[in-house]
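Asker: One line per chain: the protein sequences are A and B, in this order.
Residue numbers for the first sequence follow UniProt numbering, so the first one is 1 and each next one is one higher.
Residue numbers for the second sequence follow UniProt numbering, so the first one is 1 and each next one is one higher.
Among the hints, a few may not be true.
Claimed, not checked - With a Cα cut of at most 30 Å, we get these calculated BS3-like pairs of lysine-lysine: (1) K53(B) x K25(A); (2) K151(B) x K169(B); (3) K40(A) x K3(B); (4) K72(B) x K40(B); (5) K53(B) x K3(A); (6) K151(B) x K25(A); (7) K25(B) x K217(A).
It is worth saying that the hints were derived from the structure and are not from the lab.
2 protein chains.
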Amino acid sequence: MLKYQQIATEIEKYIEENSLQQGDKLPVIEALMNQYEVSKSTITKSLELLEKKGIIFQVRGSGIFVRRHHRKGYISLLSNQGFKKDLEDYQITSQIIDFDVRKPTQEAAQSLNLQETDEVYYVKRVRYINGQTLCLEESYYHKGIITYLNKEIISESIFHYITEGLGLKVGFSDMYLQVGKLQEEEASLLGLESGDPKLCAESIFHLTNGQPFDFSKVTYNYEQSQFFVQGNSHLL
Amino acid sequence: MLKYQQIATEIEKYIEENSLQQGDKLPVIEALMNQYEVSKSTITKSLELLEKKGIIFQVRGSGIFVRRHHRKGYISLLSNQGFKKDLEDYQITSQIIDFDVRKPTQEAAQSLNLQETDEVYYVKRVRYINGQTLCLEESYYHKGIITYLNKEIISESIFHYITEGLGLKVGFSDMYLQVGKLQEEEASLLGLESGDPKLCAESIFHLTNGQPFDFSKVTYNYEQSQFFVQGNSHLL
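Isolated chain A (complex conformation) (with noise of 0.2 Å):
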């Protein structure tokens, strides 16, 4: 971690500790750099990140004002490495349902870059939220990046393993979101009735370099799982 970003999380930390609400204000960037003990141009790369992060705001000739809105047990929509982060004073547990190597369908092989005659991990599984279904996530990686998966790895964080066993980075993601109604099979593996509603995540997972190597498609309870997005102005 760079010293920026250790001090972004410094300050993260000390918003979370002392409970600060949208719109207090944080010391002056002077008295940052003091506290911190580190330049001018670093504390703000350090501020800048928190801006990204949307924990922070900063207001030009007025100062530096905390963001967060917390809502307790709201998955982001914008953190892309699962939601282990968000979800972390819960028990996630997962049930594997299918698992194995097996050619892409032809959504999975155009998401991933891939031939149909090409080799993928599909991984079928239930998510649980402290024993209650959280949702139902059929994924496809890709072979060539993603070149080993086995039981135990899948019935943990997929994620984690990714970035910190496999060592790759994980770079950006593009998210399509559907509402419908649950079929019988999603129902009946959720604990639900056939025909309530369902929000449906299609999620293509890419590394710092471009290269997609996950295409997944989760499927959420709809009386277990809220979502929050911070948007920005800048990204219309």
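Fit chain B to the given chain A structure using the hints.
Answerer: What follows is chain B alone, placed relative to chain A:
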């Protein structure tokens, strides 16, 4: 619009007009400097903006690549100035259900930093896409900030009026999503069945100075709406 924003817009247009695909390589920085006749720092800022907007990604030592996955008709959950832009190829119209000045609900007052004795503009409307119901929207506007609204304004894009008419600068937004079942009144306004799936989006919109000015609840017609979200690992 500043120079670097102008150039970002031109590069974006270039990508669209040439139908460049995900992973296609753009010219190197020096070539872009020559092409647009600007300094390196301007191009760098343009590229940073495009990266934030999820249109390109940069790989150190390797180049600049096109990122955008285009799926027509998807509403971006990150852009926070209404969905006029995502749905520009469609006809968006509104039917006003309710419009008045009133006291905010407790929830709205809290979201807008108001007392329950303060006043808000209350707008309830159904929005249509090509004549089909798209969503039901209930909004509370801080009357101290959004000082004037009328029926003509609210039958069009309210955000367009806020930025162009009132000259306000929209900053960031926080959005909370939940899936559920339509209640009778919602279903009837959307032309669906009671108990059908719904996506509810609760948003708080802020000016660039951090003041919240709009608290809105939008209930989407699940048959007509699809969403996308772009994630970045720096957002963790």
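Asker: Give a verdict on every hint.
Answerer: Cross-check of the supplied hints:
1. K53(B) x K25(A): 28 Å, holds
2. K151(B) x K169(B): This hinted pair holds, its Cα atoms lying about 22 Å apart.
3. K40(A) x K3(B): OK: K40(A) and K3(B) at ~27 Å, within 30 Å.
4. K72(B) x K40(B): 34 Å, violated
5. K53(B) x K3(A): 26 Å, holds
6. K151(B) x K25(A): 38 Å, violated
7. K25(B) x K217(A): 28 Å, holds
The structure is inconsistent with the numbered hints 4, 6, although it conforms to all the rest.
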